[in-house]
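Let the hints inform the model, and build the full structure from the sequences given.
Protein chains: 2
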Amino acid sequence: MQILDGKQTSEQIRQEIAAQVRKIKEQGGKTPHLAAVLVGHDGASETYVANKVRDCEEVGFESTVVRLPDTVSEQELLDRIAELNENDAIDGFIVQLPVPRHIDEHKVTLAIDPAKDVDGFCPANVGNMCLGLPTYVSATPNGIMELLSRYEIETEGKNCVVLGRSNIVGTPMAILLSRNTAPGNCTVTLLHSRSRDIAAHCRAADILIAAIGRPNYVGADMVKPGAVVIDVGITRIADDSRKSGFRLVGDVDFEAVSDKCSFITPVPGGVGPMTRASLLQNTLKACQRKS
Amino acid sequence: MQILDGKQTSEQIRQEIAAQVRKIKEQGGKTPHLAAVLVGHDGASETYVANKVRDCEEVGFESTVVRLPDTVSEQELLDRIAELNENDAIDGFIVQLPVPRHIDEHKVTLAIDPAKDVDGFCPANVGNMCLGLPTYVSATPNGIMELLSRYEIETEGKNCVVLGRSNIVGTPMAILLSRNTAPGNCTVTLLHSRSRDIAAHCRAADILIAAIGRPNYVGADMVKPGAVVIDVGITRIADDSRKSGFRLVGDVDFEAVSDKCSFITPVPGGVGPMTRASLLQNTLKACQRKS
Numbered sequence: 029m030q031i032l033d034g035k036q037t038s039e040q041i042r043q044e045i046a047a048q049v050r051k052i053k054e055q056g057g058k059t060p061h062l063a064a065v066l067v068g069h070d071g072a073s074e075t076y077v078a079n080k081v082r083d084c085e086e087v088g089f090e091s092t093v094v095r096l097p098d099t100v101s102e103q104e105l106l107d108r109i110a111e112l113n114e115n116d117a118i119d120g121f122i123v124q125l126p127v128p129r130h131i132d133e134h135k136v137t138l139a140i141d142p143a144k145d146v147d148g149f150c151p152a153n154v155g156n157m158c159l160g161l162p163t164y165v166s167a168t169p170n171g172i173m174e175l176l177s178r179y180e181i182e183t184e185g186k187n188c189v190v191l192g193r194s195n196i197v198g199t200p201m202a203i204l205l206s207r208n209t210a211p212g213n214c215t216v217t218l219l220h221s222r223s224r225d226i227a228a229h230c231r232a233a234d235i236l237i238a239a240i241g242r243p244n245y246v247g248a249d250m251v252k253p254g255a256v257v258i259d260v261g262i263t264r265i266a267d268d269s270r271k272s273g274f275r276l277v278g279d280v281d282f283e284a285v286s287d288k289c290s291f292i293t294p295v296p297g298g299v300g301p302m303t304r305a306s307l308l309q310n311t312l313k314a315c316q317r318k319s
Numbered sequence: 029m030q031i032l033d034g035k036q037t038s039e040q041i042r043q044e045i046a047a048q049v050r051k052i053k054e055q056g057g058k059t060p061h062l063a064a065v066l067v068g069h070d071g072a073s074e075t076y077v078a079n080k081v082r083d084c085e086e087v088g089f090e091s092t093v094v095r096l097p098d099t100v101s102e103q104e105l106l107d108r109i110a111e112l113n114e115n116d117a118i119d120g121f122i123v124q125l126p127v128p129r130h131i132d133e134h135k136v137t138l139a140i141d142p143a144k145d146v147d148g149f150c151p152a153n154v155g156n157m158c159l160g161l162p163t164y165v166s167a168t169p170n171g172i173m174e175l176l177s178r179y180e181i182e183t184e185g186k187n188c189v190v191l192g193r194s195n196i197v198g199t200p201m202a203i204l205l206s207r208n209t210a211p212g213n214c215t216v217t218l219l220h221s222r223s224r225d226i227a228a229h230c231r232a233a234d235i236l237i238a239a240i241g242r243p244n245y246v247g248a249d250m251v252k253p254g255a256v257v258i259d260v261g262i263t264r265i266a267d268d269s270r271k272s273g274f275r276l277v278g279d280v281d282f283e284a285v286s287d288k289c290s291f292i293t294p295v296p297g298g299v300g301p302m303t304r305a306s307l308l309q310n311t312l313k314a315c316q317r318k319s
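Keeping their order, the protein sequence lines are chains A and B.
Everything in the first sequence is counted per the working numbering, starting at 29 for the first residue and increasing by one.
Everything in the second sequence is counted per the working numbering, starting at 29 for the first residue and increasing by one.
Bear in mind the hints are in silico, worked out from the structure with no lab data behind them.
Be a bit skeptical, because a hint or two may be false.
Same chains, same label: a pair holds when it works inside one copy or across any pair of copies.
As the list claims (entries may be wrong) - Derived BS3-like pairs (lysine-lysine); straight-line CA-CA distance at most 30 Å:
hint, residue 1, residue 2
1, K313, K135
2, K35, K58
3, K252, K35
4, K135, K318
5, K58, K271
6, K35, K51
7, K313, K51
8, K252, K53
9, K318, K58
10, K53, K313
11, K35, K271
12, K318, K271
Computed from a predicted structure; not experimentally measured.
Structure (structure tokens):
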């Protein structure tokens, strides 16, 4: 069994991006600039945005955080988005979700100019992905594709099972791996809460992608010997033996499965860091598209 | 075995639409108006557009055909599309594909206002479909969903195999049947030219949708007893015994398969007429959305 090391791979990607940014700067080009809109003071959102700012600094991007109080009106938020759409200094931006309940998340997503939608959440970009057109693929599926690519995992003709049909992970993953691309050309089966015989489907998978948010759900009995296992889940479990009081657990029972499969992503250090690196890749692309 | 009668069902849909149009007119509302842009003189395209005009007449819609010579420049075509986007009299329109080679089909699709894109081909509408948002679903997948719905075929938790990953049939079909809707909630496997063990996958299908354009490809050995079989294929085969000199053949070997399955669409008279009715449904929706 070999670890698909997301930490190391994402570090390599960040170094590649940093090298490209240095080159852009040397040639007098525009420094890529990511903005993040943060509404309110949700603890997890604060952390995610802080990480994004740190990632930008590390690769030489500029970054801007637009902080708005959780009392901001929907219209005010939409106005700020319109400003970011117009602002040529900003190459791409994200609105950190969730937004407060009085704001319609869908309206927010729709307000973002698809050319600056580096999260890849707006319908036009999702549609472009489906149609195989240039787009921003959302961060987690993009990171998984990158991991499969860099580890040169053979995907063509393989049976791939995706567990979970969320709009930001499972569904795009199923679409991307079905397409006539490399990685891609898999025979993909998409499983979800209404599926039957889930274990049997999983056992038939050459590539198994678990994205349902249920800790340790995938046991050894659900994995074909030699399968490639990608674990998107990341759940905090109380753990008194840790200083932090918790540990992070994936959807896959790593101990049980790791002996049986050919490749596996650990949690943490697998898909998570790849997701972070993807946002940087999309921002660089947004900057290069304009020039 | 029961026939999924697309001819009869589409006739019923047309009658329902006609009744709605009469009601709209009685109440002084706007008559739905579909426009079709036809470039050049491709025989099949002429027929398709003529059928669309006839369908409109039958249900009481207005229709307009914009005929352009095959020498039309890309810019001229885009200008005509812009006019149709702006023209409040036109609720929805389609550009009959293919367009001549000197015109970029993708640019054409992108130029259509998503609110008038009753073919459902533009990225924003494809993305909306993926995300489960209000949209125009393209005609063939929409027609199949309608057929499953009107025959009250149970889909939840069923294994569905879609044969063929085209942008206008296979891929949207796989997405639609995976979603948390009714019809929907299937466990969908999407097969294509790079898939292996195609027959074995098909044999596991409770619902089999064949959309690869290979006449009689699906034999009885590929069908599970009691399966629901949807045949999207329609290929002209030379046949001297027919006055026309040809007959239409689906992707499914109807003679062999029909004894084994629970439901099956015939060719012709199955998916084809449902596809035509879908365009009318989308045009009515476009008209109602505006008011």
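**Prompt:** Hint numbers the structure violates, sorted upward?
**Reply:** Numbers 5, 8 and 12, in rising order.
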